[in-house]
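Line by line, the protein sequences give chains A and B.
End of the first sequence sits at 216 in our numbering; the numbers just go up one at a time, nothing left out.
End of the second sequence sits at 1224 in our numbering; the numbers just go up one at a time, nothing left out.
Be a bit skeptical, because a hint or two may be false.
[Stated by the list, open to error] A few chain A residues that don't get close to chain B, going by computed Cβ distances all over 12 angstroms:
hint	residue
1	D47
2	D87
3	G127
4	E152
[What the hints assert, rightly or not] One-sided and incomplete, this derived list gives chain B residues near chain A with beta-carbon spacing under 7 angstroms:
hint	residue
5	I784
6	M804
7	K815
8	G828
9	N844
10	P847
11	D861
12	C877
13	D898
14	Y901
15	L934
16	P1083
17	Y1205
18	P1207
19	V1224
Treat the hints as calculated values from the structure; they're not laboratory data.
We put the CB at the ideal spot given by N, CA and C, even for glycine.
Below are the chains, spelled out letter by letter.
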Amino acid sequence: MSEMQKLVKVFIMGEAYEVPEGSTIIMAMEYAGFQMKRGVGCREGFCGACATVYREKGDYKLKGGLACQTVVSDGMMLAQIPFVPAEKPVYDISELTPDVDTIKILFPTVFRCVACNTCTKACPQEIKVMDYVQALKRGDIAKAADLSFDCIRCGLCALRCPAEIVQYNAATLAQRLYGRYLNKKSPELDERIDEIEEGKYENDLEELIKMPREEITRRYYSREIKLK
Amino acid sequence: MYPEYMMKSIQMVEKTRPKRLELAKKMGKQVFPAMSESERQKVLDNFHPDYKKDARREVRVGPNKGELLTTEVANVLESYSRIDPAVLDLEKPDYICDVLVIGAGSAGMAAAITAGINGSNVLIATKLRLGDSNSMMAQGGIQAATQKDDSPVLHYLDVIGGGHFDNKPSLVKALVNDGPGAIKWLEELGVMFDKNEDGSMMVKPGGGTCRSRMHSARDYTGAGICRVLRDEVYNMPGKIKFLEFTSIIELVLDDKGQAVGAIGYHLETKQYIVIKAVSIIIATGGFGRLHICGFETTNHYGATADGLVIAYRAGANLLFMDSVQYHPTGAVFPEQILGFLCTEKIRSMGAQPVNYDGELFVYPLEPRDIEAAAFIRECLERGKGIKTPTGKVGIWLDTPLIDLLNGAGAIQQYLPAMLRQYKRFDINIVRYPMLVYPTLHYQNGGIEIDDKGETRIPGLYVAGEAAGGIHGRNRLMGNSQLDLIVFGRRSGYWASERVKKGVRFGKMTMQHVYNYTRELEEAEIPRKKIAPIILPDYIPDHVKYKQKTTEYFGTLV
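Let the sequences and hints guide you as you build the complete structure.
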């Protein structure tokens, strides 16, 4: 940070602070003296802990973003969202069917969608949230799982949804249904597991375990490299 | 976007690209000769940060006393407890459970699910939210020998060679033998692995692998796994309870030396709680936020080696805590993403590391420590790095090759997280390379375990990055995601078997904390530092200077 000396003025929960230009919202809050416990996580855009809302100077729009990925600008008003209250139904994945009936039972709110697209506009990952909600309504689990794949569960869609849908939990269900039931099975996987259970590699592995360092070093450097 | 002067170097990269593309089409991944054993040793000795003066020092207390450890690790181990145990009432536990899991990344959650299914009542304590972990951030993949041209034997060779033959053999065997089963377990839980049209697994090579065995879920592999495990934990409310924002700051032993409980500290209400358990699993992850050797890190905000500290105080020994993994490709430009991970999958898919002049200078898929040291050599010794406006230096990772080799849209389809990350800062990696330099990534060593995940303290298990021995002194790409699941499940199973077998408890005691404190005092270590750190300290000095009445306890307000 020391190299970024030019300062900009931001309003953190209404209070003015001067912070280095080019800072992300998290960096700006820490520079101002806030020790973060809530609303912070991986700091790299993968965990969804730091979803937040802000307004830029002269812009009427309330924008959403990840505090670790959003760069502050002069006059920005920013806040923290410590927690997103959201329901998640409990289910046993092994007893479900990958179809619209499952969605009806576990996520009935999905059918309240009025297709306003607010969720899609709110998503910091630029996921087509409304489109996957519509896919869920049709029972198109594969489409919903595919469209929602990059979701990091930050909760901004659910916070802005006028129909009170918790989109991201429904997305998790769609992904799990797809992964378990709809993704084509890989026959070589079961074969390999059988081989291991039958002890096919046991002797060779035991031999390696006992092998003197010099010999295993030789084996390693002389192994054939065949990459796809 | 890149400044004008950097674009000049990019033009040279573009000029050499057609030739390098031809080479890749002809030679596959072998676009540059891989290093021999002696070449590897030479580049490590001269350029790997572990081998720098002051990178290691002797630890003065505890089970590894007298051993050379990474300096920052020795510092955190030579710290005092957050609490005087005398103020705690161990006889009145706030929570009683069969299995206590400390930490809620993929290892902890896999352990909790397994123990829960095996009949135990499980309590998870985690200092941030469920799933907040390095596991969630892993991008590239998970290794397992599932392919016909591969075998657990070849996987074993790669793991132990990558680890410089220091690995604990029994742990390597467990890792590779359980690999395919781990993939199956995850798929049945609903993890969406990348597949070919016929349903077979889409696999890629990784640094130091002799076969393609990297399974992926786009470049959100860690998230793809971790979010499913978290959802499953939520689905087992009858078996698994969890405490969030609760950091475990000490273990409790009994007078027979068994692990029988822990002390938790709530980050918000600041209460200390006593937990009693039959078995305890430490799954607290690694140490990236210790910023070893001053490096930026790819790690989660909470990666502060907490589990290492509490286990060490209780008498568990550490393995290979003199070795640190620097991921070869951390972002160095733009400044906002300094140190962030640029997944190894980028090289698995054909991107080549090139210098200022657009020249290849290393085999793109060496094991991580070798690759990282070669990057540092290229910048420091040969002066062929590219300087950033803030004085950092890096080399190019030529990403536009990916679509040229795999077809248009490959980056969009298989590296969406990377594409998005750079797009946020106005760089299109389909057209332009990324500027990278090694970044602090992984704790190679950890608390010694056996193939059940158990430490030398009865009842204390470790899984995931906190465990030591599996990867020797250098882990290969995709073997961490695998070890989380393999040793998460093993420790969960054996921890719950211990519950079934029944344990005779002695009197609960914190004597080990008193003893450790005495050892610190006898070594004349000043009472300046306390640990676990819990969170890193990023409050600037000019703020602290004015906080005239604020008490910091360690790094926490």
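Okay, the hints, checked on the actual structure:
1. D47: The assertion about D47 of chain A holds, with a minimum of 18 angstroms to chain B.
2. D87: Holds, since 15 angstroms exceeds 12 angstroms.
3. G127: Correct as stated: the minimum Cβ-Cβ distance to chain B is 17 angstroms, above 12 angstroms.
4. E152: 20 angstroms, holds
5. I784: 11 angstroms, violated
6. M804: 4 angstroms, holds
7. K815: 6 angstroms, holds
8. G828: Status holds, d = 4 angstroms.
9. N844: Holds. Min distance 6 angstroms.
10. P847: 5 angstroms, holds
11. D861: 9 angstroms, violated
12. C877: Constraint on C877 of chain B satisfied, holds at 5 angstroms.
13. D898: 5 angstroms, holds
14. Y901: Given a least distance of 6 angstroms, the restraint on Y901 of chain B holds.
15. L934: Given a least distance of 5 angstroms, the restraint on L934 of chain B holds.
16. P1083: 5 angstroms, holds
17. Y1205: 4 angstroms, holds
18. P1207: 6 angstroms, holds
19. V1224: This interface hint holds because 5 angstroms falls under the 7 angstroms limit.
Hints 5 and 11, counting from the list given before, are not met by this structure.
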